[in-house]
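Using the sequences and the accompanying hints, generate a full structural model.
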Amino acid sequence: MLKLLGNGILETLYMTVTSTALAYIIGLPLGILLSVTDRTGITPIPTLNKILGFIVNLIRSVPFLILLVAILPITRAIVGTTIGSTATIVPLVFAAAPFVARMVESSIKEVDAGVIEAAHSMGSSPVQIIYKVLIPEATPSLIIGAAIAITTILGYSAMAGFVGGGGLGSIAINYGYYRYQEDVMLITVLLLVVIVQIFQEVGMKIAKVADKRIRSEK
Amino acid sequence: MIRLQNISKVFYTDSGPVEALKDINLSIKKGEIFGIIGLSGAGKSTLVRCINFLEKPTEGNVILDGRDLGGLTRKELLKARQSIGMIFQGFNLLSQRNALRNICFPLEIAGVSKSDAKARAYELLDIVGLSDKAKAYPSQLSGGQMQRVAIARALATNPKVLLCDEATSALDPNTTQSILELLKDINRKFGVTIVVITHEMKVIEQICNRVAVIDRSRIVEQGDVREVFMRPKSDIAKQLILPKSEAVEFLTSRRCLRIVFDGNSSFEPIISNMTLECHAVVNILFADTKNIDGKAFGQMVLQLPDDDTAIERIKAYLESKNILYKEEYLNA
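Respectively, the protein sequence lines represent chains Y and Z. Quick note: the first sequence uses the numbering used here, first residue 4, plus one each step. Quick note: the second sequence uses the numbering used here, first residue 830, plus one each step.
Careful, some of the hints might be misleading.
Think about it this way: if two alpha-carbon atoms lie no more than 27 Å apart in a straight line, the pair counts; the simulated BS3-like pairs of lysine-lysine are [said to hold, decoys possible]:
1) Y/Lys135 with Z/Lys989
2) Y/Lys135 with Z/Lys943
3) Z/Lys962 with Z/Lys1013
4) Y/Lys112 with Z/Lys904
5) Z/Lys904 with Y/Lys135
6) Y/Lys112 with Z/Lys885
7) Z/Lys964 with Y/Lys211
Calculated Cβ distances over 12 Å to all of chain Z for the following chain Y residues [as the list claims (entries may be wrong)]:
8) Lys53
9) Tyr180
10) Val196
Calculated directly from the structure, the hints in this document are not laboratory data. Note that this is a predicted model, so its numbers are computed, not measured. Just so you know, even glycine gets a beta-carbon here, dropped at the ideal spot from N, CA and C.
If you want it as structure tokens, here you go:
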């Protein structure tokens, strides 16, 4: 049993961390694109912004379990199977990338307009503003966003247990729900709670250390 | 140095077009400190942003050093902006960079090597008197210190022009004083042309050579600060310059003398000396003067005695002391 739970934890972490990383590879540039092409952004392209925004909203409005099933053919095409933790990563990334994009967008939009104007006044190009102003200034907020994203993805990964995904979610469903082993159910849920807490706390700590706006008394 | 020709700016908002600037013509000379004063909403912030094309004028030309900014390509414009420094009311420092790296920022943009940028940044920190704050983040600095870092940052690329958008409006009087001194110093030492936007007459009076008064999107008056101060023509200039005091308004029909201290006379008990020497008593209705570096700035309103010869003596005395005055019936 212990081995089973240990495996479950590893699988959950594997799915969550990999999916989050992949979701950020897609979502970070997408989020930046969404914020800079906005009407109030540094390079307004309203049409592109509307199209991207529509696609992001479309995917986000599909409930995860339905998305999971709906993209089974895509999953099979990419990883060759639809069960197990690796197969779960595909729908997780699919569902999380638009969510991450919105989180990134809102972090970038928090950057003080005055600072952006100052950068413009110094002759910065849009690309320089993105790399030297928007991302560094939004870093603490981006880290907090990442902590929220990873815990949300963890929740999704547990849901994937219903349709043959791996990890703690499937243990909770297979042992706790189908076999009425309530103790197993309880333990897996507790483990999930602990993991979420750790991710959240660590994320907040890193964000705090990274944020130079907070006065550090020495 | 800077010529604005027939500048107009229209903003198209949801509630219809708004004319922020109408037919602005200004010519700012090399090496001078030029003030633009107006109430909030008059259009002065838009005007200063037209100078570096942060706002593109709807009509008209901005000629900087003989080049029409409107005719530049995007790349050339970005390059041109590197020769125009700008500081802001809210300082606008990068909160995640320390003072040194904030000053390095425009140098990075201009493609200066890291080590050269650093050396230049230390040099600038020294100029603005913050050598010991190189590693401090903006959150660890006071408002005055932040503005000093912002000034250092604006000067990093050796700009020919420095635009100041309400640069002292968020600072207390003492700090304002020290920032104005610094700007004056920089103007003297490096010959940087400075354009100052403000709603405070005190700022203009202390550092500017010439001033333009902007009201409801138009320039209503411009000229030497001395001249505009002594003889404000437009209503808005009068409103900004003439003292507001209940005593002054109450005694409108009496002969008064408005004395302007524009920094050309030393700070001394001028009125006491005057009454002693002229054997005439006056009533001080209004006074707002201060001592800056031993020079007197500000103005005073005196109620004159009913004796013409005494008045003549007073005027002669003031002239001998090189003090500007104007006889007037305020409010009348």
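Hints violated by the structure (listed by number, smallest first): none
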